[in-house]
Each structure stands twice: as structure tokens, then as C-alpha cells.
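K.L.:
Here's the letter readout for the chains.
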Amino acid sequence: MKTKFDVAVIGAGIMGLSTAYYLLKEGYKVVLLEKNEIGSGASGACDDMILLQSKKPGISLEMSLESLEMYRALSKELNTDIQFETRGGMIVIEDQEQLRVMEDFVSNQKKYGLEVEIIDKKDVFKKQPHITEKIIASTYSTKDSQVNPFCVMKGFLAKGIDLGLDIKRNICIKEIVPRKDYWKIILQDDHYIEAEKIVNTSGAWAAKIGDMIGIDIPITPKKGQICVTEQIPQLGETNVWSAEYMVAKMNPELIKNQNPLFKELGIGFAFSQAIHGNYLIGSTRENVGFNKETNYEALKLLVNQAIKFFPILNNVHIIRSFAGFRPASLDGKPIVGEVSERKGFYIAAGHEGDGIALVPITGKLMADLISKKHIYYDMEELNIQRFNKKEEVEKSKAISV
Amino acid sequence: MTAVLKLGIEVLKMKEDIICRCEEITEQEIIEAIKNGATNVNEVKRWTRAGMGLCQGRTCRRLIERILARETKTSLEEITPSTYRQPVRPVKIGILKDEKE
Numbered sequence: 001m002k003t004k005f006d007v008a009v010i011g012a013g014i015m016g017l018s019t020a021y022y023l024l025k026e027g028y029k030v031v032l033l034e035k036n037e038i039g040s041g042a043s044g045a046c047d048d049m050i051l052l053q054s055k056k057p058g059i060s061l062e063m064s065l066e067s068l069e070m071y072r073a074l075s076k077e078l079n080t081d082i083q084f085e086t087r088g089g090m091i092v093i094e095d096q097e098q099l100r101v102m103e104d105f106v107s108n109q110k111k112y113g114l115e116v117e118i119i120d121k122k123d124v125f126k127k128q129p130h131i132t133e134k135i136i137a138s139t140y141s142t143k144d145s146q147v148n149p150f151c152v153m154k155g156f157l158a159k160g161i162d163l164g165l166d167i168k169r170n171i172c173i174k175e176i177v178p179r180k181d182y183w184k185i186i187l188q189d190d191h192y193i194e195a196e197k198i199v200n201t202s203g204a205w206a207a208k209i210g211d212m213i214g215i216d217i218p219i220t221p222k223k224g225q226i227c228v229t230e231q232i233p234q235l236g237e238t239n240v241w242s243a244e245y246m247v248a249k250m251n252p253e254l255i256k257n258q259n260p261l262f263k264e265l266g267i268g269f270a271f272s273q274a275i276h277g278n279y280l281i282g283s284t285r286e287n288v289g290f291n292k293e294t295n296y297e298a299l300k301l302l303v304n305q306a307i308k309f310f311p312i313l314n315n316v317h318i319i320r321s322f323a324g325f326r327p328a329s330l331d332g333k334p335i336v337g338e339v340s341e342r343k344g345f346y347i348a349a350g351h352e353g354d355g356i357a358l359v360p361i362t363g364k365l366m367a368d369l370i371s372k373k374h375i376y377y378d379m380e381e382l383n384i385q386r387f388n389k390k391e392e393v394e395k396s397k398a399i400s401v
Numbered sequence: 001m002t003a004v005l006k007l008g009i010e011v012l013k014m015k016e017d018i019i020c021r022c023e024e025i026t027e028q029e030i031i032e033a034i035k036n037g038a039t040n041v042n043e044v045k046r047w048t049r050a051g052m053g054l055c056q057g058r059t060c061r062r063l064i065e066r067i068l069a070r071e072t073k074t075s076l077e078e079i080t081p082s083t084y085r086q087p088v089r090p091v092k093i094g095i096l097k098d099e100k101e
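Protein chains in written order, with UniProt numbering: chain A, 1 to 401; chain B, 1 to 101.
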């Protein structure tokens with residue numbers, strides 16, 4: 001067993017695979033460590049969206065825009081069809097109050113270079129002939145796209161292995177010990193791995209890895225339940241979200257639905273068609289720890305949202321439900337960067353529902369950070385350090401509406 | 001032998017039996033996924049879509065478990081079965097409609 005590496009990446013979800021790939025491309029010797037199977041966490045239990053419209057104006061949106069351009073080139077680069085497709089997206093608006101919020105949001109996003117507009121009811125029906133009469137307007141962007149996360153992972157893995165990736169699955173880390181200028185990772189079977197640097201890409205489990213080196217990583221699991229329909233023809237030009245979904249994502253306290261369960265489950269309507277024709281009806285955002293069950297109450301609320309917006313779905317079957325843990329950081333932004341008081345220990349986690357969109361850019365940024373290249377973004381904004389200043393956290397929460 | 005004939009023989013040699021009828025996934029594709037490292041039914045499903053169709057693996061999951069056992073030379077009891085999720089069978093969304101709304 002090979003034991004010495006430049007970088008050990010912990011967590012073989014889509015983020016870990018991306019990080020490993022971009023590091024290998026820079027010529028590093030990389031080992032990827034996984035507790036279960038590849039993509040067995042959130043990466044295998046999410047939707048397929050590169051949804052730019054849901055990104056907060058600012059660094060998250062800027063990174064998503066660059067990430068989208070990287071995705072466009074990725075099928076060719078990885079020599080794997082990642083099933084990239086651009087259908088555009090719409091966030092449908094039900095009342096005047098939502099309209100005001102979305103107008104604000106859209107004008108902010110435009111400042112950061114996203115092509116997005118508000119369209120009136122007549123134009124909404126042209127694009128979504130099956131949508132309910134009750135909506136009053138919608139946002140519309142031609143940019144929102146999708147990929148198949150399984151194919152992306154397959155591509156990174158195959159290309160990574162070509163570049164010399166060492167991958168160890170079904171392993172359990174017992175201890176992480178700092179040495180003078182490297183880390184010693186002791187496994188359950190007392191084998192060990194030595195690496196100059198560690199990147200923690202373990203998503204919702206990132207805090208557990210942090211515990212091993214005595215740091216507090218403010219990332220918790222948020223459960224997202226999703227229903228899958230049978231394969232049906234495309235219902236409208238684009239995938240669809242509700243303005244309420246944006247509220248649930250950005251500021252759950254403002255959810256107005258009278259049903260207390262609705263609020264507790266953090267329900268927002270997300271409706272996207274996967275490449276094989278199944279629609280995914282999402283989603284909840286629940287703080288219930290690592291409980292991965294799907295339950296009848298949530299699924300019922302989700303499908304009722306769906307028929308509220310698209311009455312035609314009454315006649316469609318659901319065939320499956322699933323749940324994944326979105327790694328939610330305290331302020332809704334990912335944590336990407338080195339931990340200053342633990343030199344050589346990096347984090348790339350906490351992307352919550354933005355993971356798929358941010359995959360290529362996060363992997364690339366990690367590789368650039370480790371090889372000390374010039375980076376365009378202000379990485380301080382994503383560094384874990386930001387949580388040390390408590391008042392900053394409160395402030396960012398307040399602005400994030 | 002002409003190239004076309006050679007190709008024809010290769011195709012015949014492949015295990016073309018369809019294992020997942022909903023998604024039309026062949027035994028060969030499943031064996032390929034196992035060769036690429038899949039060790040349980042969930043992994044085979046993720047890499048090939050076998051079991052992701054209308055019946056959600058009700059027909060094929062047992063077959064896939066057997067192929068896994070055979071190809072990885074493991075006993076059937078040691079193969080981790082796939083995750084079971086509701087609904088047990090396809091349900092028309094209209095049935096779940098909340099009349100109050």
C-alpha cells in the first residue's frame with residue numbers, strides 16, 4: 001500500500017472528485033479517501049441543476065457563472081458525456097409582495113452579469129402552457145443549465161485515475177495527527193497515510209473531520225426530500241421554481257404558508273426534468289440531523305405544491321422518493337480555503353444546495369490555492385476565519401434576504 | 001475475415017440479455033460497472049441506471065445481486081441490497097391531493 005502523498009482529499013463526493021482532478025492536473029500526487037462509496041452522500045441524492053438564478057448576488061453568483069463556463073468544456077476535457085444541457089429557468093411569482101422581492105433580487109443579479117428578466121403573465125404562458133392561472137409573473141433566464149451528477153463524477157473519476165489518482169473506498173479514519181510538515185492519517189485497520197496537505201470535502205460530514213483536528217467547522221446537514229415522477233414529455237420550455245423556494249432558501253423565517261409543517265420542513269417548489277424524462281419535485285430543507293428517511297407528510301406537501309402550479313400532474317405517477325443531506329454553513333456560503341491555525345488543512349464544503357453548480361470552480365480554486373496561484377476572487381470571504389467575528393455572521397445573515 | 005463480420009462475432013459474444021427491463025440495461029453493462037469498481041446494487045444503479053425505471057428495481061434487483069455475487073466472487077448474503085424508498089409502487093399524484101387546498 002502506497003502511503004505518501006502530496007494531498008489527501010477526504011470525501012469522494014462530486015466535490016472531492018473535482019478537487020482531486022484539478023490537483024492531479026497540476027501534477028500533485030493525490031489520494032482520495034471515502035468512508036462509503038463514491039457519491040453515496042448528497043452527490044447521489046440531489047437534483048441536477050446549475051441554477052444561477054438562486055445564487056446570492058455576490059461571490060456565489062460570480063463563481064457560479066464561471067463554473068457554468070467550465071462545465072460547457074468539461075465533456076470534452078473529461079472525454080465523458082456529462083449530459084450538459086441549457087434549458088433556462090423560471091421562478092414563478094404568485095403575488096405583488098413576491099414580485100417586489102424578486103424585482104429587487106433580479107436587478108441585483110443583473111449587476112453581477114447574470115442575464116435575467118421579469119416577464120409578464122402572457123409570456124409565462126407561452127413558455128409554460130400548463131402552468132396555473134394563479135401566477136402573476138415570472139423571472140426568466142436563458143442561462144440556467146443542468147448536468148447529470150453521476151456522469152460528472154464518472155468523468156472526474158476516470159480522468160483522475162488516468163492521471164494517477166489513488167482512491168480508497170470503504171475506509172474509516174481513526175485519527176488525524178499533525179506532524180512537523182505533513183499530516184498522518186491513521187485508518188481503522190491501523191494502516192496509515194501521510195500527506196503534506198489535507199482537503200476536507202466531506203460535505204455534511206465536514207464537521208466530523210474538523211473534530212479530529214480540534215477545529216469547529218460550522219456546517220450542519222439539512223435534509224432535502226425529493227419525489228421522482230415517471231418519465232413524461234417536457235411540460236414547458238424551462239425548469240421552474242417558486243418565488244417561495246427562494247424565500248425558503250434565503251430567509252426561511254419569511255415563509256408565509258399557514259401550515260406549520262410547511263415552515264418546519266422548509267418547503268419551496270423546485271421542478272426540474274432530468275435527461276431521461278423523469279421530473280424531480282423538490283424540496284424540503286429540514287434540520288433533523290442525519291436522519292435520511294423520506295416521509296409521507298413531506299412527500300404529500302411536495303406533490304401538492306406540484307399540482308398547485310401544474311394541475312396536469314394530477315395524472316402523473318410518482319415512482320420514487322429520496323433524501324440527501326445538503327451541507328449547510330452558518331451563513332449560506334461555502335467554506336473554501338486553508339484553516340489558518342492548522343497549516344496544510346483545507347476545507348471545501350458547505351455548499352448546501354449550490355453544490356452541483358459550484359463543482360468545477362471549487363475544485364479549480366482548491367488546486368489554485370494549494371499551488372499558490374493568483375486568484376481573482378476575494379478568498380477571505382469564503383475562509384472559515386469569517387466565523388471568528390461573530391458580528392460579521394449576524395450582518396451577513398441580515399443582508400442575505 | 002472482414003471487419004464487419006468480426007464485429008458481428010464480437011457483438012454475439014457479448015452478454016446482451018436485458019436485466020433492467022424499464023431502462024433496458026444489459027448484463028454486459030452491469031458487468032462493465034462491476035469491473036469499474038461497483039460492489040453493491042446502489043453503485044450499479046448509479047453507474048448504469050439499472051433499477052431507476054418505472055418499477056424501481058422490483059424486477060431486476062435480485063438479478064443484479066446475483067450478477068454482483070458471481071462477478072465479485074462473493075456470497076449472495078454479503079451483497080448489500082439496494083435502498084428501498086416509498087412509494088412501494090407508482091402512485092398517481094392526484095390520489096395524494098389535499099382537498100383542503
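Heads up, a few of these hints could be off.
Below, simulated PhoX-like cross-link-like pairs (lysine-lysine); rule was C-alpha separation at most 25 Å, straight line [stated by the list, open to error]:
1) A:76 with B:97
2) A:159 with A:174
3) A:134 with B:92
4) B:35 with A:35
5) A:143 with A:168
6) A:143 with A:127
7) B:97 with A:256
8) A:134 with A:308
9) A:29 with A:174
10) A:159 with B:35
11) B:35 with A:168
12) B:35 with A:300
13) B:35 with A:2
14) A:4 with A:25
15) A:174 with A:4
16) A:308 with B:35
17) A:35 with B:73
Quick list of simulated restraints, FRET-style, between CB atoms [claimed, not checked]:
18) B:62 with A:290: 27 to 33 Å
19) B:94 with A:216: 43 to 49 Å
20) A:216 with B:74: 36 to 42 Å
21) A:375 with B:36: 32 to 38 Å
22) B:90 with A:178: 52 to 58 Å
For the record, the hints were derived by calculation from the structure and aren't laboratory data. Just so it is clear, CB atoms sit at the ideal spot from N, CA and C, and this is done for glycine as well.
K.L.:
Are the hints correct? Go through all of them and say.
P.N.:
We went through each hint and held it up to the structure:
no.: 1; hint: A:76 with B:97; result: violated, 45 Å
no.: 2; hint: A:159 with A:174; result: violated, 29 Å
no.: 3; hint: A:134 with B:92; result: holds, 23 Å
no.: 4; hint: B:35 with A:35; result: holds, 20 Å
no.: 5; hint: A:143 with A:168; result: violated, 37 Å
no.: 6; hint: A:143 with A:127; result: holds, 15 Å
no.: 7; hint: B:97 with A:256; result: holds, 21 Å
no.: 8; hint: A:134 with A:308; result: holds, 9 Å
no.: 9; hint: A:29 with A:174; result: holds, 22 Å
no.: 10; hint: A:159 with B:35; result: holds, 16 Å
no.: 11; hint: B:35 with A:168; result: holds, 16 Å
no.: 12; hint: B:35 with A:300; result: violated, 40 Å
no.: 13; hint: B:35 with A:2; result: holds, 22 Å
no.: 14; hint: A:4 with A:25; result: holds, 18 Å
no.: 15; hint: A:174 with A:4; result: holds, 18 Å
no.: 16; hint: A:308 with B:35; result: violated, 46 Å
no.: 17; hint: A:35 with B:73; result: holds, 23 Å
no.: 18; hint: B:62 with A:290: 27 to 33 Å; result: holds, 29 Å
no.: 19; hint: B:94 with A:216: 43 to 49 Å; result: holds, 48 Å
no.: 20; hint: A:216 with B:74: 36 to 42 Å; result: holds, 41 Å
no.: 21; hint: A:375 with B:36: 32 to 38 Å; result: holds, 34 Å
no.: 22; hint: B:90 with A:178: 52 to 58 Å; result: holds, 53 Å
In the structure shown, a violation is registered for the earlier hints numbered 1, 2, 5, 12, 16, in ascending order.
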